[in-house]
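Colleague: Those sequence lines, one after another, are chains Z and R. Just add 179 to wherever you are in the first sequence, counting from 1, and you've got the working numbering. Just add 52 to wherever you are in the second sequence, counting from 1, and you've got the working numbering.
Source of the hints: derived by calculation from the structure; they are not laboratory data. A hint or two may mislead.
What the hints assert, rightly or not - In silico EDC-like pairs for lysine to aspartate or glutamate, Cα to Cα no more than 20 Å straight-line:
1) R:LYS184 / R:ASP93
2) Z:LYS281 / Z:GLU243
3) Z:LYS297 / Z:ASP312
4) Z:LYS321 / R:GLU413
5) R:LYS266 / Z:ASP503
6) Z:LYS351 / R:GLU284
7) R:LYS267 / Z:GLU378
8) R:LYS207 / Z:GLU423
9) R:LYS447 / R:ASP123
10) Z:LYS422 / R:GLU242
11) R:LYS447 / R:ASP383
12) Z:LYS422 / R:ASP202
13) R:LYS83 / R:GLU356
14) Z:LYS351 / R:ASP121
15) Z:LYS532 / R:ASP93
16) Z:LYS281 / Z:ASP463
17) R:LYS267 / R:GLU284
18) Z:LYS281 / Z:GLU435
19) R:LYS176 / R:ASP290
20) Z:LYS433 / R:ASP383
21) R:LYS447 / Z:GLU435
22) Z:LYS321 / R:ASP202
23) R:LYS266 / Z:GLU243
24) R:LYS267 / Z:ASP503
Keep in mind it's a predicted model, so treat the numbers as computed, not measured.
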Amino acid sequence: MDFALDDDQQLIVDTVRRFAERELRSWAADADRAGAPPERLAAVASELGFGLDAVPADAGGLLEGSYSHLTRALRGFELGRGCAALAALLECNVEPALAAGKWGGQALQQALFASMAKGELATFVHDSRGALDVAGDRITGKLGPAPALATASYVLVGTRGLLAFVRCDDCKREAIVPSGWRAARWATATLEGARLDPELVLARGDAADAALADVLAWARVSLAARAAGVAQAAMDHAEAYGKERVQFGQPIGKFEALIRLRDDAQTLTRAAHLVAMHAAWQIDRGLPGAYDSASRARVLAGDCVARATIDAVQIFGGYGFVNDYPVEKLMRDARAFEALHGDERLGRVLAQKAGS
Amino acid sequence: MDLFHDNALLQGVRQMMGAFAKSQIRAIAAKHDREESMPWDLMKMAGQFGLTQTSVLDGRKKLTGVDEDPDPKKPKSQARIGVVASEEMAWGCAGISLALGGSGLACTPVAQMGSEDQKQEFRKLLTGADDKGHVKVAAMALSEPATGSDISGLKTTAVRDGNHWVIRGSKQWITNGQSAAVYVVWAQTEPAAGRAGVRGFIVARGTPGLVPGKKETKLGIRASETAQVHFEDVRVHDDMMLRVKESAAAGLGDTKKMLDSTRPMVGAQATGIARAAFELLLDRVRGGSLHGTPMASHQHIMFELAEMQMEIASARLLAHRAAWMADHHMDNVAEASMAKAHGARTAQQVTTRAMVLLGEEALEPGHPVEKWYRDAKIYDIFEGTGQIQRRIIAKQLTGHNPT
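Hey, can you work out the whole structure from these sequences and the hints?
Modeller: Have a look at this one:
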C-alpha cells in the first residue's frame, strides 16, 4: 500500500494550494458579501484547467485517458481551504461532463462539451427529496436549491428511474443567495411538464438508478474532500488567532481547553481527508465498495466540518461572531456539505432494515 | 409545558410571553434577520404593556402585576420570572428578544449600585423618543477590543479633573452601541489597583467625545444592534459615577454578582432557541411520511427527537434551579454557569442536528432553522464563553483556576 503522491499529483496539489491561498482566500470575503464570484474567477479557472478537466481532449477538453477521482479529491481539499463557494463553481462541471462522456450520445456530448468549452457551467442536482415526477417524456417538480444552477446551461438531473440532462432554458429558475456558499450562484428551478429530449436522457429504470449511484459517489467524494478542506481552513485560522490573542496573561491558544478543541478537530479532519481519498481510489479502480465508501466519506466529512467551524468561531470568541473575521463565514459554509444530495445515513438505515 | 405547575405566577408569565412571542415576535423575525435591523415598532409596543427599556430598574411589577415583598430576606420571584420570559421570547426570536431586553444590561448596574439621583437621571435620559422617533435605549459598555473574556485588563481610563472625570478608550461588541441614549461605561480610575479601580459611569448620548463606532455585521442575533463605541476625552461629572458599596472589593465585584442572576436567563434564551427547532421538527414528523411509512414510526428520527427533548428539559431545569437559588438569596455561582453553558450547548446541538435532518430544505434563504443555527452560537460566547463558565464551575470544585 503506497500513500505517496506521484509527480503529477504533487504538482496539482502544489498549484491548487497556491491558488487557494493566494487567490481564493483573498477573494472569499468579498464574494461572500456580494453573493457572487469575482469576475476574474472564470479567466483564472480556465487558465488552471478547471471546468474542462473532465471533458475528453478530443472534444476540446483536458482529459486524456480515464478521470482520476483521487486527484480530484486531493485538489478538492485544497480548494476547500480556499473558499467553499468558489470551489463549488470550479468543481460543478465534473459530474455532468463525466456522465455525458460515459452514458451520453454523440449529439449530447457535442453540445455539452461545446458549451463547457465556451466557459459555460453545468451542474448536477440529485432529487433527494423526491420532489420530481416523471411521466413518460414529461418531467414536473422542483429542483434544488443547488449551486451553479442560476447560471448553468445544462443541469444533470438524477431521480429514481431517470438520469437525464435538462436545458436550463426549459426551467423556470429563481436565483437565490442562501446563508452559506453565498457566491456559488444558487437557484431553485421549477419544471412544469417540461419535455425530456430523448438525446439528453442518459438512462431510465434500473440502469438509471445504477448510473445515479455512480454520479452520487463522484459528487460525495468531492464534497467530502472539500469539506475536510474547509475544516482545515477553520483550524488554520484558529491556530493563528490563538497565538496572537492574549487573555489572562497568555495567548489563548495555550489554554488546554482550546488546544483540545483544535486537536480533536485535527484528528477528525485528517480522518475525513483520508477516507475521502480512499473512496476516490476505490472509484478509480471500479471497486464494488466505492459507493458505500463515498457515502461514508461524506457523512464523516460533514460531521467534521460542522464541528471544526463551530469550534473555530468559539476560539475566535466575540470576533468569531462578526463578519470582519473569516470564521463565521466558514460556519455558514459548513451546512451545505451535510445537506446536499440528501441524508445517506437515513438511506443506509432504511436499506439495512429492509434487507435480510 | 409548564415546569412548575403549582406556580400560577410563572404559568401566567409563560402564557403571556408565549402568546406575545408567537403573535408578535415570530411574525417579524425573518425580516429583521435579513435586514439586520432593530424592531423599533415592536419595542414601542412592548413598552406600552409594561416591557419597557427600564423594566429592570422598575422591577417587574408592571409586567406581572405582582408586588415583591420589600423585605430583602424574603424569597423573590424575579429571577424565575426572568427565566420563564426569556425562554418564551427567545423561542420567538433570540435577536428580537435581545433588542427588547438590551437596555437591561445597562439598567442592572444602575439598579444595583446607583443612587436615587442617578436612577432618576438615568430614567430621564430614557424617557420619550429619540430624533428618529424610536424608543430610547441604553448600552452597557464593558468589553474592549483586547478585553473580552478577561475583564480585569480594561484599557479605558477615567482621570479625575476637578469635579469631573475624563474618560478615554474604545469599547467593543456593545449592544445598542450605535443607538443608545445613555451609556454605562466602565473605566479604570486607578490603574495600579487593577480590578478594584474599575468604576461605572453614566454618560448621555451627545456628550462631547462620545462617538458611536462601526455597527457589526454578525452571524446571528441580527435584530440586536452591536457596535463599537469610542470615548475620546469624554468629561463626566463625578455625580454620574456609580458608587461602590464599602463591602464590595471592586466596582466590577458588583457586576460579577449581577451575572449570577442574568446567566440563568441567558441559558433560558438558548433553551428557547433549541425548543423552537425541536418543535418545528416535531411538527414535521407528526404529519410526515418516509417512503410510505409514518416518520414517527422510525427510531432513526424519533430517538433524535427524544434526545433533543432530554437536553432541552435538562437545560430548562438547570436555569430554573439557578434562578430559584438567586430568588432565595443563595450562592449560585456554579449553578448559574451550568445553566448558561448547558443551554448554549443544547441550542447549538439541537439546531445543528435539525439542519441535518431537514437536509436541502434548510438551505433555502430565510429558513427558520438556519437562522436559529446562526443565532445559537452567540450563547456560547457572550456573557462569558463556554470556557469561562467551565472555568467558574471548575474553580468552585477545587478553588483553583485551571489553565
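Colleague: Would you mind marking each hint as holding or not holding in the structure?
Modeller: Hint check results:
1. R:LYS184 / R:ASP93: 12 Å, holds
2. Z:LYS281 / Z:GLU243: 14 Å, holds
3. Z:LYS297 / Z:ASP312: 32 Å, violated
4. Z:LYS321 / R:GLU413: 12 Å, holds
5. R:LYS266 / Z:ASP503: Roughly 11 Å between the alpha carbons, so the hint for LYS266 (chain R) and ASP503 (chain Z) holds.
6. Z:LYS351 / R:GLU284: This hinted pair is violated, its Cα atoms lying about 56 Å apart.
7. R:LYS267 / Z:GLU378: 55 Å, violated
8. R:LYS207 / Z:GLU423: Roughly 18 Å between the alpha carbons, so the hint for LYS207 (chain R) and GLU423 (chain Z) holds.
9. R:LYS447 / R:ASP123: Violated. LYS447 (chain R) to ASP123 (chain R) sits at ~32 Å, over the 20 Å cutoff.
10. Z:LYS422 / R:GLU242: Between LYS422 (chain Z) and GLU242 (chain R) the Cα gap is close to 30 Å, so the pair fails against 20 Å, i.e. violated.
11. R:LYS447 / R:ASP383: With Cα atoms ~14 Å apart, LYS447 (chain R) and ASP383 (chain R) stay inside 20 Å; holds.
12. Z:LYS422 / R:ASP202: Given that 20 Å is the threshold and the Cα spacing comes to 16 Å, the pair holds.
13. R:LYS83 / R:GLU356: 30 Å, violated
14. Z:LYS351 / R:ASP121: Answer violated: LYS351 (chain Z) to ASP121 (chain R) is near 65 Å, above 20 Å.
15. Z:LYS532 / R:ASP93: Violated, at about 53 Å.
16. Z:LYS281 / Z:ASP463: Roughly 14 Å between the alpha carbons, so the hint for LYS281 (chain Z) and ASP463 (chain Z) holds.
17. R:LYS267 / R:GLU284: Within the cut-off at roughly 18 Å; holds.
18. Z:LYS281 / Z:GLU435: 52 Å, violated
19. R:LYS176 / R:ASP290: Since the Cα atoms of LYS176 (chain R) and ASP290 (chain R) sit roughly 18 Å apart, the hinted pair holds (cutoff 20 Å).
20. Z:LYS433 / R:ASP383: 31 Å, violated
21. R:LYS447 / Z:GLU435: Status holds; Cα separation ~15 Å.
22. Z:LYS321 / R:ASP202: 51 Å, violated
23. R:LYS266 / Z:GLU243: 54 Å, violated
24. R:LYS267 / Z:ASP503: Holds. LYS267 (chain R) to ASP503 (chain Z) sits at ~11 Å (cutoff 20 Å).
Of the numbered hints given earlier, the model fails hints 3, 6, 7, 9, 10, 13, 14, 15, 18, 20, 22 and 23; all others are met.
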